[in-house]
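K.L.:
As a plain string of letters, each chain reads:
Protein chains: 2
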Amino acid sequence: MFKKICIIGCGLIGSSLARAIKENNLSNKIVSSNRSNVVNKKVVELNIVDDSSSDTAKMVKDSDLIVIATPLSSYKVVILKIKNSLKNGSILTDVGSVKSKVIPLVQKNVPKGVSWISSHPIAGTEESGPESGFSKLFKNRWCILTPSSQAKDTDVKLLETFWKKVGSKVDIMNAKQHDYILSITSHIPHLMAYNIVNTTLKIKKKKEQDVIKYSAGGLRDFTRIAASNPIMWRDIFIQNSENASKMIDEFIANLQDLKKAIKNKDEKKLEKVFTKTKKIRKEILKAGQDIEKPDFGRK
Amino acid sequence: MFKKICIIGCGLIGSSLARAIKENNLSNKIVSSNRSNVVNKKVVELNIVDDSSSDTAKMVKDSDLIVIATPLSSYKVVILKIKNSLKNGSILTDVGSVKSKVIPLVQKNVPKGVSWISSHPIAGTEESGPESGFSKLFKNRWCILTPSSQAKDTDVKLLETFWKKVGSKVDIMNAKQHDYILSITSHIPHLMAYNIVNTTLKIKKKKEQDVIKYSAGGLRDFTRIAASNPIMWRDIFIQNSENASKMIDEFIANLQDLKKAIKNKDEKKLEKVFTKTKKIRKEILKAGQDIEKPDFGRK
Numbered sequence: 035m036f037k038k039i040c041i042i043g044c045g046l047i048g049s050s051l052a053r054a055i056k057e058n059n060l061s062n063k064i065v066s067s068n069r070s071n072v073v074n075k076k077v078v079e080l081n082i083v084d085d086s087s088s089d090t091a092k093m094v095k096d097s098d099l100i101v102i103a104t105p106l107s108s109y110k111v112v113i114l115k116i117k118n119s120l121k122n123g124s125i126l127t128d129v130g131s132v133k134s135k136v137i138p139l140v141q142k143n144v145p146k147g148v149s150w151i152s153s154h155p156i157a158g159t160e161e162s163g164p165e166s167g168f169s170k171l172f173k174n175r176w177c178i179l180t181p182s183s184q185a186k187d188t189d190v191k192l193l194e195t196f197w198k199k200v201g202s203k204v205d206i207m208n209a210k211q212h213d214y215i216l217s218i219t220s221h222i223p224h225l226m227a228y229n230i231v232n233t234t235l236k237i238k239k240k241k242e243q244d245v246i247k248y249s250a251g252g253l254r255d256f257t258r259i260a261a262s263n264p265i266m267w268r269d270i271f272i273q274n275s276e277n278a279s280k281m282i283d284e285f286i287a288n289l290q291d292l293k294k295a296i297k298n299k300d301e302k303k304l305e306k307v308f309t310k311t312k313k314i315r316k317e318i319l320k321a322g323q324d325i326e327k328p329d330f331g332r333k
Numbered sequence: 035m036f037k038k039i040c041i042i043g044c045g046l047i048g049s050s051l052a053r054a055i056k057e058n059n060l061s062n063k064i065v066s067s068n069r070s071n072v073v074n075k076k077v078v079e080l081n082i083v084d085d086s087s088s089d090t091a092k093m094v095k096d097s098d099l100i101v102i103a104t105p106l107s108s109y110k111v112v113i114l115k116i117k118n119s120l121k122n123g124s125i126l127t128d129v130g131s132v133k134s135k136v137i138p139l140v141q142k143n144v145p146k147g148v149s150w151i152s153s154h155p156i157a158g159t160e161e162s163g164p165e166s167g168f169s170k171l172f173k174n175r176w177c178i179l180t181p182s183s184q185a186k187d188t189d190v191k192l193l194e195t196f197w198k199k200v201g202s203k204v205d206i207m208n209a210k211q212h213d214y215i216l217s218i219t220s221h222i223p224h225l226m227a228y229n230i231v232n233t234t235l236k237i238k239k240k241k242e243q244d245v246i247k248y249s250a251g252g253l254r255d256f257t258r259i260a261a262s263n264p265i266m267w268r269d270i271f272i273q274n275s276e277n278a279s280k281m282i283d284e285f286i287a288n289l290q291d292l293k294k295a296i297k298n299k300d301e302k303k304l305e306k307v308f309t310k311t312k313k314i315r316k317e318i319l320k321a322g323q324d325i326e327k328p329d330f331g332r333k
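From first to last, the protein sequence lines are chains A and B. Start counting the first sequence at 35; every next residue gets the next number (this note's numbering). Start counting the second sequence at 35; every next residue gets the next number (this note's numbering).
Treat the hints with care, since some could be wrong.
Only pairs whose alpha carbons sit at most 20 Å apart, straight line, appear in this in silico PhoX-like list of lysine-lysine [stated by the list, open to error]:
1) A:K210 to A:K142
2) B:K240 to A:K210
3) B:K173 to B:K320
4) B:K203 to A:K333
Treat the hints as calculated values from the structure; they're not laboratory data.
Just chain A, with the same shape it has in the complex:
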């Protein structure tokens, strides 16, 4: 499908993508660039990529597809490093979780003959680093494409086919809509998990309570999400701060409403809310977006 692909940043997502590319024979050659030479050595040793170096411009040279898979806060440094090495006719993409601010930032540094098409594969685990990646990460997950104004239609089609070949389903969306919907389905849930765990840690410290022992009552689910990559999530909230702030307000208003019902022992209201929320789980299972086994199949 491609002659050479370069992945910049072999973390969980980057290394999973590299593995999926190899497994599906989507490129003759696949290389990566990482700041750390320990990582560059490791990804070659593990046969995740064919070559890897901290010299990003060198790795990018002659690539048909370049994937930025580093934290959002590094995009500016990355694009300035590679802009003069991007091959005419190549496709530049990323895997970032927020779009509105980074798309124009990259756009203004990309040569005319390069199609800059932002990608967001909605997939991940709480683990980080090249060793945590696996080739099936994108299977059955949605990947949202947000093409820049300069991207060629044929390249958008090509990138769409690429994501489908690694197992994803593809949607095309503009940056504003993307950032809004992801604040609901991903960013706010993560923030709530971070906040529950943070609140718990504060209480644990102050009152010396053993919260670990009894975490199977619900807390443990949130600690999984709150163990996600801190740098990645710091950048997401900084980049999507307006949507996140608005959603936090809506969340607090609804929480105050539930608190009132709890204080007033309003059985009807609580039962109504708790019954309504049950339905969405079924829809998610029907859409194949989670496994059907109870308790995520944990035993």
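Given the coordinates of chain A, assemble chain B onto it according to the supplied hints.
P.N.:
Then chain B, alone, in the frame of chain A:
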């Protein structure tokens, strides 16, 4: 271990306990009582119990161990039904998630020769009903015992051994401490999940957004918890309303703090909080309270 055990309410917890009792040969006879005759028929057909009837007093008769496994709001009705059928020297327990109010309520109706020792096995899934139960539900999970003032020490020891035989680890705690710690490790996480899903549903309705498709970004984890038994959770928040209200306030204060950091693009603060929360996951895994595989082992 016992001659006859009666389980009142064969839902997820009750039927799992019945299965575990059979599997570990902990009683010569095991019976249950359910309001619905469809359920009474089913639990006998499925060989979960030896006999079952809606006549609770009749089922309880001659039992050495009686387990109330119905919603907290039904305890008063249940205890009034069975008080005159409780055998002298028997143990009465339950599996409820809140203690402070129900313990004295039951206590005042229990004959002197009966040891009323409240239990709380911290285990469950998002499913409900007798068919969703399984014998290993309590394995490696903590069970908290809260003996009433009248309970015999030898009976507390016996009940402790019983829970250990179905796979649990046992702690003894007073009602106040129990309700406080469980509000942190279980009740508040559930309320946050309900609130996220409820907020999402409101937005979905108003803005016609497809939140199902992109739920793998985090939301789906919360929908699992928000699919738990609505009646059970309604009762928990009514019964533990004071602790829950206080915790909601702490949660909102911390959330406002995070919102401020997001609005001010305070990278340091966000990174600090998100890094701190990562550690607790490791402690939970070390304590054997969740499975070690990333993403709960989902694939």
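K.L.:
Does each hint fit the structure? Answer for all of them.
P.N.:
Hints, verified against the model:
1. A:K210 to A:K142: holds (18 Å)
2. B:K240 to A:K210: holds (18 Å)
3. B:K173 to B:K320: Holds: B:K173 and B:K320 sit about 16 Å apart, inside 20 Å.
4. B:K203 to A:K333: Holds: B:K203 and A:K333 sit about 16 Å apart, inside 20 Å.
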